[in-house]
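Undergrad: The residues making up each chain are set out below.
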Amino acid sequence: MPPEPATTAPSKSATGIAGFDEILLGGLPTARPTLICGAAGCGKTLFAITFLVNGATRFGESGVFMSFEERAEDLAANVASLGYDLDGLVEAGKLALDHVRVERSEIEETGQYDLEGLFVRLGYAVDSVGAKRVVLDTIESLFSGFSDTAVLRAELRRLFTWIKERGLTAIITGERGEGLLTRHGLEEYISDCVVLLDNRVIDQIMTRRLRVVKYRGSAHGTNEYPFLIDAAGISVLPVTSSGIDRPVSNEIVSTGIAGLDAMLRNGGLYRGSSILLSGVAGTGKTTIGSHFIDAACRRGERCMFFVFEEGAEEICRNVLSVGIDLRRWADAGLLRFEAARPSLYGLEMHLARMQRDVAEFQPSVVVVDPISAFRGPIAEVHATLLRMVDLLKSVGITGLFTSLRTTGSLHDGTDQALSSLMDSWIKLMDIEANGERNRVLYVIKSRGSSHSNQVREYRMTDSGIELIEPYIGPEGVLTGTARITQEAREQAAAERRQRDIEQRRRASERRQDALERQIAELSAALEAEHDEARALQLADAAHDAGLSRDRSAIAARRGGAE
Amino acid sequence: MTQGQSPFDESAPDADGDNGYYYLRLYVAGHTARSMAAMTNLRHVCETHLAGRYEIEVIDLVQNPRLAAGDQILAIPTLVRRLPTPLKRIIGDLSDTERVLVGLDIRRKADVP
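If you're matching them up, the sequences are chains A and B in order.
1 is the number of the first residue of the first sequence in my numbering; add one for each residue after it.
563 is the number of the first residue of the second sequence in my numbering; add one for each residue after it.
Be careful, since some hints might not be right.
Selected chain B positions facing chain A (in silico; Cβ < 10 Å) [unchecked claim]:
#1 ARG615
#2 ALA630
#3 ALA631
#4 GLN634
#5 THR659
Which residues of chain B face chain A? A partial, calculated answer using Cβ under 7 Å [as the list claims (entries may be wrong)]:
#6 ALA591
#7 GLU619
#8 PRO627
#9 VAL662
For the record, the hints were derived by calculation from the structure and aren't laboratory data.
Here the structure is a predicted model, which is why all the values come from computation and not from measurement.
Ideal Cβ positions, reconstructed from N, Cα and C, are used throughout, including at glycine.
Could you build the full structure based on these sequences and the hints that come with them?
TA: Right, here's the structure in full:
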């Protein structure tokens, strides 16, 4: 027998049902009967069978299935679709099936009796395979076979005591009754653990839910949890069980679009963060999502693409037109598409399926396209998405969620409600002006990183999405043709200005030259004047000297002669 | 306690066919007062109404638990009328003789006014 997990109070037996053991904090109480109740068709028998099959195949505990409704061969056929080979287990001596047929019309009561026969049969079956696990499905059928309910109740009480004494971990199933958990009040006898299954149809979509009503001596998850029954068996989704505290990564991952990375200070988004990409129809949400996946696959990471509006082939073909080849990643096993119509399941079923697929494929990037496909009451959609985000974050998966906005307004109710869950929010818009439509995007928020405040235009080219250098001028941000014409206009104006300046510069130079020439001429004239002045001065001096010499010569002559 | 007067061979009694012969099996579990009472009551009814054309096989499930599933035994004691067909089950200590006779089809319901 396998070692029981060394827990405190009651020891537990794992059911092996994904998520269910988490809610039960380990499993069902060992050596105690557990009541699983619910309306017809909500999966009681399947839960019970899974408990036994997992016990036999995974936990080394044989089991006994005592059916009060289905015949053993019907049962085996019914669960064969889930891959359970009951006949094989019976042959291997790991499982004993006993069909108890109760037919009131064949039975005549002629005095006092008890149900020792049931004990004998159960005891024999248990001994024959050395069972540790027992299922009684649905023991309340006995009430239709025997008229003496007082005896029946006494015997049931004795049976449950007997189960405890024998150390058997048992599941007793019961149909939901009016105002009671079970028709005949079995919950009165089984008080150790009671699990209620439910299946509700809202808006024509059925959702299975489960709740642990009580679990004596143990804590347990108390919410209603959705669960899923499909080809892979039962999965229960304790999505809200995880807290907010979780390891965070400082690693940055690229969005796959260089321009967008550049708008984020860190050059990308934090690994394990959640990104909301919202935009109206035709703004390229899927394309940006595909870029993100392409980038991750290039890094050799596994990606999962949940698509709700297109098929995998359609997406591959469509994004190939912008130069993104997703097909090769899918072929290489790095990318897995999961396509489903939103109306196929209820919200929680989708969540359940996603959780299971994610756990199975272990991707590092998940893209959900689009979350707006989920219809329902806003609070419920919100809760579901919260759990979806939570689910991805708890295991460090980077999640990109696209959301279709029906209006072009900047702030839409749905996005607003979701935004608080998201670490980054990139908004895509289209601007209609001058007879054309242009796409722009901006980063509304990016937790833990500064980011550009700019509205940037982007184009879908043959090689993917390209952000265009923004035009920001006196007339505001322009896009598309308006941007191009404005740029042309500006260029012309600049050229004109350039020519004008050149002209004026040349005119000024000419004027300078003229002035300089004038200066040179004047300097020459000045020099000539100086020369003239000097010549005159010399002439004057010579004249003076001549005069005085003449005068003295005259004087000498006069004085000598007289 | 009497038990297993014939081996547990299902086909043997069927060979007799339906000629008013009663082949009965009484399932008990151990030597309880209720088992003893059932056996006593059964013998009394048979001797009174079926003298010479009945056979009783008593099976103690404590010793042969394997046999409980075959005849769909839950209640103890259970009397199974293997013959004549159809198969009938009568549970309890057989103290209510009237109902035993009805159950064994020895006394038709028409006999009761």
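Undergrad: Hints first: check each against the structure and report whether it holds.
TA: Hint check results:
1. ARG615: violated (21 Å)
2. ALA630: holds (4 Å)
3. ALA631: holds (6 Å)
4. GLN634: Result: holds, 5 Å to nearest chain A Cβ.
5. THR659: Since chain A brings a Cβ to about 8 Å from THR659 of chain B, closer than 10 Å, the hint holds.
6. ALA591: holds (4 Å)
7. GLU619: With a minimum Cβ separation of about 16 Å from chain A (threshold 7 Å), the hint on GLU619 of chain B is violated.
8. PRO627: Where the cut-off is 7 Å and the nearest Cβ of chain A is about 4 Å from PRO627 of chain B, the hint holds.
9. VAL662: holds (5 Å)
Of the hints listed earlier, those the structure fails to meet are numbers 1, 7, in rising order.
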